[in-house]
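Number of protein chains: 2
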Amino acid sequence: MTNSSYQRFHFGLRSLFCLLLLAATFAVHARTTDPLPSWNKGPAKSAIMQFVNAVTKKGGADFVPTAERIATFDNDGTLWCELPMYVQLAFALDRVKAAAPEHPDWKTTEPFKSVLANDMKGLMASGEHGLLELITATHTGMSVEEFNQIAKYWLTQSKHPKFNRPYTELVYQPMLELLAYLRDHGFKTYIVSGGGVEFMRPWTEKIYGVPPEQVIGSTIKTKFELLDGKPVLMRLPEVDFIDDKEGKPVGIQKFIGRRPIAAFGNSDGDLQMLQWATATNAPHFALLVHHTDAEREYAYGRESAFGRLDKALAEAQQKGWTVVDMKKDWKQVFPGK
Amino acid sequence: MTNSSYQRFHFGLRSLFCLLLLAATFAVHARTTDPLPSWNKGPAKSAIMQFVNAVTKKGGADFVPTAERIATFDNDGTLWCELPMYVQLAFALDRVKAAAPEHPDWKTTEPFKSVLANDMKGLMASGEHGLLELITATHTGMSVEEFNQIAKYWLTQSKHPKFNRPYTELVYQPMLELLAYLRDHGFKTYIVSGGGVEFMRPWTEKIYGVPPEQVIGSTIKTKFELLDGKPVLMRLPEVDFIDDKEGKPVGIQKFIGRRPIAAFGNSDGDLQMLQWATATNAPHFALLVHHTDAEREYAYGRESAFGRLDKALAEAQQKGWTVVDMKKDWKQVFPGK
Numbered sequence: 349m350t351n352s353s354y355q356r357f358h359f360g361l362r363s364l365f366c367l368l369l370l371a372a373t374f375a376v377h378a379r380t381t382d383p384l385p386s387w388n389k390g391p392a393k394s395a396i397m398q399f400v401n402a403v404t405k406k407g408g409a410d411f412v413p414t415a416e417r418i419a420t421f422d423n424d425g426t427l428w429c430e431l432p433m434y435v436q437l438a439f440a441l442d443r444v445k446a447a448a449p450e451h452p453d454w455k456t457t458e459p460f461k462s463v464l465a466n467d468m469k470g471l472m473a474s475g476e477h478g479l480l481e482l483i484t485a486t487h488t489g490m491s492v493e494e495f496n497q498i499a500k501y502w503l504t505q506s507k508h509p510k511f512n513r514p515y516t517e518l519v520y521q522p523m524l525e526l527l528a529y530l531r532d533h534g535f536k537t538y539i540v541s542g543g544g545v546e547f548m549r550p551w552t553e554k555i556y557g558v559p560p561e562q563v564i565g566s567t568i569k570t571k572f573e574l575l576d577g578k579p580v581l582m583r584l585p586e587v588d589f590i591d592d593k594e595g596k597p598v599g600i601q602k603f604i605g606r607r608p609i610a611a612f613g614n615s616d617g618d619l620q621m622l623q624w625a626t627a628t629n630a631p632h633f634a635l636l637v638h639h640t641d642a643e644r645e646y647a648y649g650r651e652s653a654f655g656r657l658d659k660a661l662a663e664a665q666q667k668g669w670t671v672v673d674m675k676k677d678w679k680q681v682f683p684g685k
Numbered sequence: 349m350t351n352s353s354y355q356r357f358h359f360g361l362r363s364l365f366c367l368l369l370l371a372a373t374f375a376v377h378a379r380t381t382d383p384l385p386s387w388n389k390g391p392a393k394s395a396i397m398q399f400v401n402a403v404t405k406k407g408g409a410d411f412v413p414t415a416e417r418i419a420t421f422d423n424d425g426t427l428w429c430e431l432p433m434y435v436q437l438a439f440a441l442d443r444v445k446a447a448a449p450e451h452p453d454w455k456t457t458e459p460f461k462s463v464l465a466n467d468m469k470g471l472m473a474s475g476e477h478g479l480l481e482l483i484t485a486t487h488t489g490m491s492v493e494e495f496n497q498i499a500k501y502w503l504t505q506s507k508h509p510k511f512n513r514p515y516t517e518l519v520y521q522p523m524l525e526l527l528a529y530l531r532d533h534g535f536k537t538y539i540v541s542g543g544g545v546e547f548m549r550p551w552t553e554k555i556y557g558v559p560p561e562q563v564i565g566s567t568i569k570t571k572f573e574l575l576d577g578k579p580v581l582m583r584l585p586e587v588d589f590i591d592d593k594e595g596k597p598v599g600i601q602k603f604i605g606r607r608p609i610a611a612f613g614n615s616d617g618d619l620q621m622l623q624w625a626t627a628t629n630a631p632h633f634a635l636l637v638h639h640t641d642a643e644r645e646y647a648y649g650r651e652s653a654f655g656r657l658d659k660a661l662a663e664a665q666q667k668g669w670t671v672v673d674m675k676k677d678w679k680q681v682f683p684g685k
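Residue numbers (our numbering), protein chains in the order written: chain G, 349 to 685; chain S, 349 to 685.
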């Protein structure tokens, strides 16, 4: 072997060695890096990963092009904690209390009287009409930008009564991992919530990685106006759209215009969204989060008036949808602690 | 120089030479490839390119993060030909004629009587109420999927009366280039049209590269129903939202939840969208297409009742928005020919 041919040989050998090392590193990495570390091994985790593998396998029978990989998530109870009451309801109650000094009549007028007396039963007794008055008084009469600021600020100032942490920390760690896992595999992740869209948009990008244009929710009517020549969108005291139950597929079609291939919920309010996502011969996936963990979070869903999922659970069993047993399936519930 | 050191030197020299060649190739490529070849040199083309350069220049004073690069485009008259009548109106008239045998009463009932007699003046005389009846009769009473199929099929079968080409070929080549140019620079391109959203969605992805979830338009109400256990979304005979004039900023906020940084229109119906996009201290861009080319397309916009843009043109002059003079600024109007 001449000097130069030895050198070439040596160089080639070294390159080959480097390549092999690199390949080995990747292989080990792939084998050891779990994209869903807060999920315990079990049927729920397996079903998720099998579905994602199937729809992303090029040339596979169930392959779905990236553009069609739409996943829709309910928010309250699916991505963040919804007990002891919807976060947006806590916001409305706080807003009433803050504005009460300017409205002396509220002391004697429902539903405000009940709110100020912390009488939740009284509030509920005021029915849909009372709830609408509450929303009107606390969520309308300002511009969209002003409302976004109010909601965002309130969230930085408020804490959950049981966990004593900001609400935006009481998001489910396993679901954060699931959102990221789906996006890493070319999915577009959407929120489809009964909650107000403008209550969610100011923080969903930071907390969930879901940008404002991928948040679908209930809306109130807005009006374009020129105030001193400057355009504003004013929030009117009128409901535009309720994105719950039968409204969820309606909202999905209106905003996305495609059928999701995966849908995630936790209550009967999500049933129609799951029915819609799965009513196709194309690949699809449906998952329900069942809150079974009284210790780390709450156990509810079957009997309680709150977040009923009788019908959805029955249909899940019948149709083979995936049901998460929070206590069993989640290694960790909230981030950080 | 030893044999091996010469070889190393030679190898190094060759690598350097290859790199230089590559760099030179890219430089020439960058200098000669015009991203907007159908635009003539002039103030409109320059303004577009200056804006895109400014908002994409990292570290520049006007840099805008990718996530916020939202561009909204009107459709009729901005992206495709809107004369002698809106394409969707031509669709409705054809649908009435096709369904007429099943509706003998239409021969004597407005607005159908006028439609069947090709009496456009009579149709217009039936006013908003007549137009609503026309839409109800031709656009509702079927599922969303059925309607999408009907609209898609009609577009493959119909031709423009003057140009004798399918409507989907009568899109503006310079605007197709502009859409692609913006997307190549990280923009998300949206359609914000007064037209029906479900009339556009079946073809906007193929023709414009705009996916269904980035199409905002007028909507009619839909209802989620189980037909023989199978979920469908039925189109109801009721208007949900008119995405025109003051409705455009409302629709933009409802669907996107962010203010666009660039907006493109061609009539007074787009004025509020342009006002909304530009009412900010952040970088912004507004453009109006002025139809000045009676030979290659049509010349209209100032006096004609159709596509008025008196107010928008006046405001464009006052605020320095870009105005495209179709005859001067566009080298080519439609693709291919």
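The hints are simulated quantities; they were obtained by calculation from the structure and are not laboratory data. Be a bit skeptical, because a hint or two may be false.
It does not matter which identical chain is meant; a pair holds if it fits inside one copy or across any two.
Straight-line distance between alpha carbons at most 30 Å, and here's what the computed BS3-like set of lysine-lysine pairs gives [said to hold, decoys possible]:
id : residue 1 : residue 2
1  : K571      : K593
2  : K461      : K675
3  : K667      : K578
4  : K593      : K569
5  : K510      : K406
6  : K455      : K389
7  : K445      : K554
8  : K675      : K569
9  : K445      : K679
10 : K659      : K571
11 : K578      : K593
12 : K405      : K593
Given the structure is predicted, the values throughout are model-derived calculations rather than measurements.
Evaluated hints:
no.: 1; hint: K571 <-> K593; verdict: both (27 Å within a copy, 11 Å between copies)
no.: 2; hint: K461 <-> K675; verdict: neither (39 Å within a copy, 67 Å between copies)
no.: 3; hint: K667 <-> K578; verdict: between (53 Å within a copy, 13 Å between copies)
no.: 4; hint: K593 <-> K569; verdict: both (20 Å within a copy, 16 Å between copies)
no.: 5; hint: K510 <-> K406; verdict: neither (47 Å within a copy, 45 Å between copies)
no.: 6; hint: K455 <-> K389; verdict: neither (54 Å within a copy, 69 Å between copies)
no.: 7; hint: K445 <-> K554; verdict: within (28 Å within a copy, 53 Å between copies)
no.: 8; hint: K675 <-> K569; verdict: neither (41 Å within a copy, 41 Å between copies)
no.: 9; hint: K445 <-> K679; verdict: neither (38 Å within a copy, 63 Å between copies)
no.: 10; hint: K659 <-> K571; verdict: between (38 Å within a copy, 20 Å between copies)
no.: 11; hint: K578 <-> K593; verdict: between (38 Å within a copy, 16 Å between copies)
no.: 12; hint: K405 <-> K593; verdict: neither (33 Å within a copy, 45 Å between copies)
This entry does not satisfy hints 2, 5, 6, 8, 9, 12, going by the numbered hints stated previously.
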